[in-house]
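With chain A held as given, fit chain W onto it using these hints.
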Amino acid sequence: MSQTRQAVAGSALVEVRGLSTTLNGKIIFDGIDLDIPRGKISAIMGPSGTGKTTLLRHITGQLMPDKGEIRVDGRNVPKLSRNELFDLREKIGFLFQNSALLTDFSVFENVAFPLRQHLKLPEELVRNIVLTKLQAVGLRGAAELMPSELSGGMARRVALARAIVRDPMLILYDEPFVGLDPIALNQVLRLIRVLNDTLGITSILVAHEFSAIRRVADNVHLIAAGKIAAHGSPEELANDDSPWTKQFFGGESDGPVPFHYPARDYAVDLGFPAAAT
Amino acid sequence: MIGDSLAQVGACGLFLLGILAAIPKSLRHIKETIRQIWFVGAMSLVIIMTCGLFVGMVLGLQLYYVLSIFGGTAALGTVVSLALYRELGPVVTALLFAGRAGTSITAEIGLMRATDQLAAMEMMAVDPMAYVAAPRFLAGIVAMPLLACVFNALGIFGAHLVGVTWLGLDNGTFWSNMTSSVDVWKDVVNGVWKSCAFGAVVALIAVFQGYTTPPTSEGVAYATTRTVVFSSIVVLALDFVMTAFLM
Numbered sequence: 001m002s003q004t005r006q007a008v009a010g011s012a013l014v015e016v017r018g019l020s021t022t023l024n025g026k027i028i029f030d031g032i033d034l035d036i037p038r039g040k041i042s043a044i045m046g047p048s049g050t051g052k053t054t055l056l057r058h059i060t061g062q063l064m065p066d067k068g069e070i071r072v073d074g075r076n077v078p079k080l081s082r083n084e085l086f087d088l089r090e091k092i093g094f095l096f097q098n099s100a101l102l103t104d105f106s107v108f109e110n111v112a113f114p115l116r117q118h119l120k121l122p123e124e125l126v127r128n129i130v131l132t133k134l135q136a137v138g139l140r141g142a143a144e145l146m147p148s149e150l151s152g153g154m155a156r157r158v159a160l161a162r163a164i165v166r167d168p169m170l171i172l173y174d175e176p177f178v179g180l181d182p183i184a185l186n187q188v189l190r191l192i193r194v195l196n197d198t199l200g201i202t203s204i205l206v207a208h209e210f211s212a213i214r215r216v217a218d219n220v221h222l223i224a225a226g227k228i229a230a231h232g233s234p235e236e237l238a239n240d241d242s243p244w245t246k247q248f249f250g251g252e253s254d255g256p257v258p259f260h261y262p263a264r265d266y267a268v269d270l271g272f273p274a275a276a277t
Numbered sequence: 278m279i280g281d282s283l284a285q286v287g288a289c290g291l292f293l294l295g296i297l298a299a300i301p302k303s304l305r306h307i308k309e310t311i312r313q314i315w316f317v318g319a320m321s322l323v324i325i326m327t328c329g330l331f332v333g334m335v336l337g338l339q340l341y342y343v344l345s346i347f348g349g350t351a352a353l354g355t356v357v358s359l360a361l362y363r364e365l366g367p368v369v370t371a372l373l374f375a376g377r378a379g380t381s382i383t384a385e386i387g388l389m390r391a392t393d394q395l396a397a398m399e400m401m402a403v404d405p406m407a408y409v410a411a412p413r414f415l416a417g418i419v420a421m422p423l424l425a426c427v428f429n430a431l432g433i434f435g436a437h438l439v440g441v442t443w444l445g446l447d448n449g450t451f452w453s454n455m456t457s458s459v460d461v462w463k464d465v466v467n468g469v470w471k472s473c474a475f476g477a478v479v480a481l482i483a484v485f486q487g488y489t490t491p492p493t494s495e496g497v498a499y500a501t502t503r504t505v506v507f508s509s510i511v512v513l514a515l516d517f518v519m520t521a522f523l524m
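In order, the protein sequences belong to chains A and W.
For the first sequence, our numbering assigns the number 1 to the initial residue and increments by one for each residue that follows.
For the second sequence, our numbering assigns the number 278 to the initial residue and increments by one for each residue that follows.
Treat the hints loosely; a few may be bogus.
In silico SDA-like cross-links for lysine to any residue, where the CA-CA straight-line distance does not exceed 20 angstroms [stated by the list, open to error]:
| no. | chain 1 | residue 1 | chain 2 | residue 2 |
| --- | --- | --- | --- | --- |
| 1 | W | LYS463 | W | CYS426 |
| 2 | A | LYS40 | A | GLU175 |
| 3 | A | LYS91 | W | PRO405 |
| 4 | A | LYS40 | A | GLN187 |
| 5 | A | LYS40 | A | SER242 |
| 6 | A | LYS120 | A | PHE86 |
| 7 | W | LYS308 | A | ASP104 |
| 8 | A | LYS120 | W | LEU304 |
| 9 | W | LYS308 | A | PHE105 |
| 10 | A | LYS120 | W | HIS306 |
| 11 | W | LYS302 | A | GLN117 |
| 12 | A | LYS91 | W | ALA396 |
| 13 | W | LYS308 | A | VAL126 |
| 14 | A | LYS227 | A | SER211 |
| 15 | A | LYS40 | A | LEU199 |
| 16 | W | LYS302 | A | LEU88 |
| 17 | W | LYS302 | A | LEU85 |
| 18 | A | LYS120 | W | LYS463 |
| 19 | W | LYS463 | W | TRP452 |
| 20 | W | LYS302 | A | SER11 |
| 21 | A | LYS120 | W | ALA402 |
| 22 | A | LYS40 | A | ARG190 |
Restraint ranges, calculated between C-beta atoms of paired labels, are given here [unchecked claim]:
| no. | chain 1 | residue 1 | chain 2 | residue 2 | range |
| --- | --- | --- | --- | --- | --- |
| 23 | W | ILE307 | A | LYS227 | 30 to 36 angstroms |
| 24 | A | LEU23 | W | GLY496 | 17 to 23 angstroms |
| 25 | A | ASP30 | W | ILE300 | 40 to 46 angstroms |
| 26 | W | ILE307 | A | ARG127 | 19 to 25 angstroms |
| 27 | W | GLY287 | A | PRO243 | 28 to 34 angstroms |
| 28 | A | ASP30 | W | ALA498 | 50 to 56 angstroms |
Simulated from the structure, these hints should not be mistaken for lab results.
Computed from a prediction, not measured in an experiment: that's the story for all the values here.
Every residue, glycine too, gets a C-beta built ideally from N, C-alpha and C.
Chain A on its own, in the form it takes in the complex (with noise of 0.2 angstroms):
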């Protein structure tokens, strides 16, 4: 057991070990263990507000842990300065959820950002780099928009474009299949797969849809109330029994998951007399 431990640990990019993290007084994670193999594409999934997106801030070193290590590439996050932070990150692509792309400048302007501002490179590049990058999305015609004259769906491609101009080691999607149309969705599916394969790349994906997830993915991590639920492949964890993954891929309103926010009786709220137990 401790040597497949080993083994996993050594192919791993990102190696997360007894994450612990409170907010706002809510345990988020309870001493998580977690392996991203490099070269593979790994999905995070798991019900609203479990600390999906708050994962990815830890291993960007946006946020940090109470407690536990967080290495990528071997360098541990939390001890990272900020310059060492900073010569990390321009490893690594980050898609928002909400695109964040910059509103001053064009859509090429956003792509070419990340190039201008540590690449001194011939403008003649950066335009055949970005253009690139921006046919791989779909959206070279659109080079000229300003993000207030895209639609969500042509923003978040675009924040694709940006987080892959500089062909990271590793890509961190938050959420990037929200308001795709079918075609999109599609392409950004098979734009994932091909970066991955093709150059190598690590790909983490926060995402609830696990019809698309199924498709691109090839390994799930399910969390649930800060810990890891479940893991292993799409198919896996499509034919897996426990009850969070029943209830969780089968949508299911009862199980493990309250579907209810923690409330006082409900007759009492609305002013009955409570309801003899």
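Below, chain W alone, put in the same frame as chain A:
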């Protein structure tokens, strides 16, 4: 309440240190600094010129009336220019600057925070302190004295318009009394120092408020209001302190 205010002042002080530390790195983004100087300086010209003209005209009218009681209308140019160079130019420009440029800086940075643009820069290994905060801070220091000079020029022009053109004061007396009484170092340059200090204070408050605003529409609204209120109070208080030291 007092504890919160002191904590805010402390946080603002640490933020200033952060900006000062980021200035060398921000020189890599010199184009952004120039863009911000254009934005907070050139784009504020209309309001500064208009207000400068009217302030000068009002000064001309009021002082002509007061000086005429003592038969001293010949000193109109001197009094107007000293009032503008030493006090009104830097102070009124700073208050207008806080209302025009300070609020827009706060709202812009606040919205950048609310829409994760600052976080996106961090993720692209671009330091927002060097790319967003420091250029706006430097722009405030550069633009304010220039705007105060424009304000003074338009103010003197307004006073000349009222005193000489309308009320019949001698043109030569107006200018010669002014040039003989105003000292470049004691009056004009001291005013420029004040403008630089006010520019730094207003820009610091505006950037700090935007940077630390809660990422909500209400948070941005409150932050812009706080920029104007805090800037006005600090500018007036600092004016007294600087006047006491520069006299």
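Status of each hint after checking the structure:
1. W:LYS463 / W:CYS426: Cα-Cα ~15 angstroms, so holds.
2. A:LYS40 / A:GLU175: holds (18 angstroms)
3. A:LYS91 / W:PRO405: Distance ~18 angstroms between LYS91 (chain A) and PRO405 (chain W) Cα, so the pair holds.
4. A:LYS40 / A:GLN187: Satisfied, since the Cα-Cα distance of roughly 19 angstroms is no more than 20 angstroms.
5. A:LYS40 / A:SER242: Since the Cα atoms of LYS40 (chain A) and SER242 (chain A) sit roughly 25 angstroms apart, the hinted pair is violated (cutoff 20 angstroms).
6. A:LYS120 / A:PHE86: holds (18 angstroms)
7. W:LYS308 / A:ASP104: holds (14 angstroms)
8. A:LYS120 / W:LEU304: Within the cut-off at roughly 16 angstroms; holds.
9. W:LYS308 / A:PHE105: Given that 20 angstroms is the threshold and the Cα spacing comes to 14 angstroms, the pair holds.
10. A:LYS120 / W:HIS306: holds (13 angstroms)
11. W:LYS302 / A:GLN117: holds (12 angstroms)
12. A:LYS91 / W:ALA396: Answer holds: LYS91 (chain A) to ALA396 (chain W) is near 16 angstroms, not above 20 angstroms.
13. W:LYS308 / A:VAL126: holds (18 angstroms)
14. A:LYS227 / A:SER211: violated (23 angstroms)
15. A:LYS40 / A:LEU199: Roughly 11 angstroms between the alpha carbons, so the hint for LYS40 (chain A) and LEU199 (chain A) holds.
16. W:LYS302 / A:LEU88: holds (18 angstroms)
17. W:LYS302 / A:LEU85: holds (16 angstroms)
18. A:LYS120 / W:LYS463: violated (47 angstroms)
19. W:LYS463 / W:TRP452: Since the Cα atoms of LYS463 (chain W) and TRP452 (chain W) sit roughly 19 angstroms apart, the hinted pair holds (cutoff 20 angstroms).
20. W:LYS302 / A:SER11: With Cα atoms ~37 angstroms apart, LYS302 (chain W) and SER11 (chain A) exceed 20 angstroms; violated.
21. A:LYS120 / W:ALA402: holds (15 angstroms)
22. A:LYS40 / A:ARG190: holds (14 angstroms)
23. W:ILE307 / A:LYS227: 30 to 36 angstroms: Check failed, 50 angstroms falls outside 30 to 36 angstroms.
24. A:LEU23 / W:GLY496: 17 to 23 angstroms: Taking Cβ atoms as reference, LEU23 (chain A) and GLY496 (chain W) lie about 19 angstroms apart, which means the hint holds.
25. A:ASP30 / W:ILE300: 40 to 46 angstroms: Distance hint for ASP30 (chain A), ILE300 (chain W) holds at roughly 43 angstroms.
26. W:ILE307 / A:ARG127: 19 to 25 angstroms: holds (22 angstroms)
27. W:GLY287 / A:PRO243: 28 to 34 angstroms: violated (50 angstroms)
28. A:ASP30 / W:ALA498: 50 to 56 angstroms: violated (38 angstroms)
When each numbered hint is compared with the structure, violations occur for hints 5, 14, 18, 20, 23, 27 and 28.
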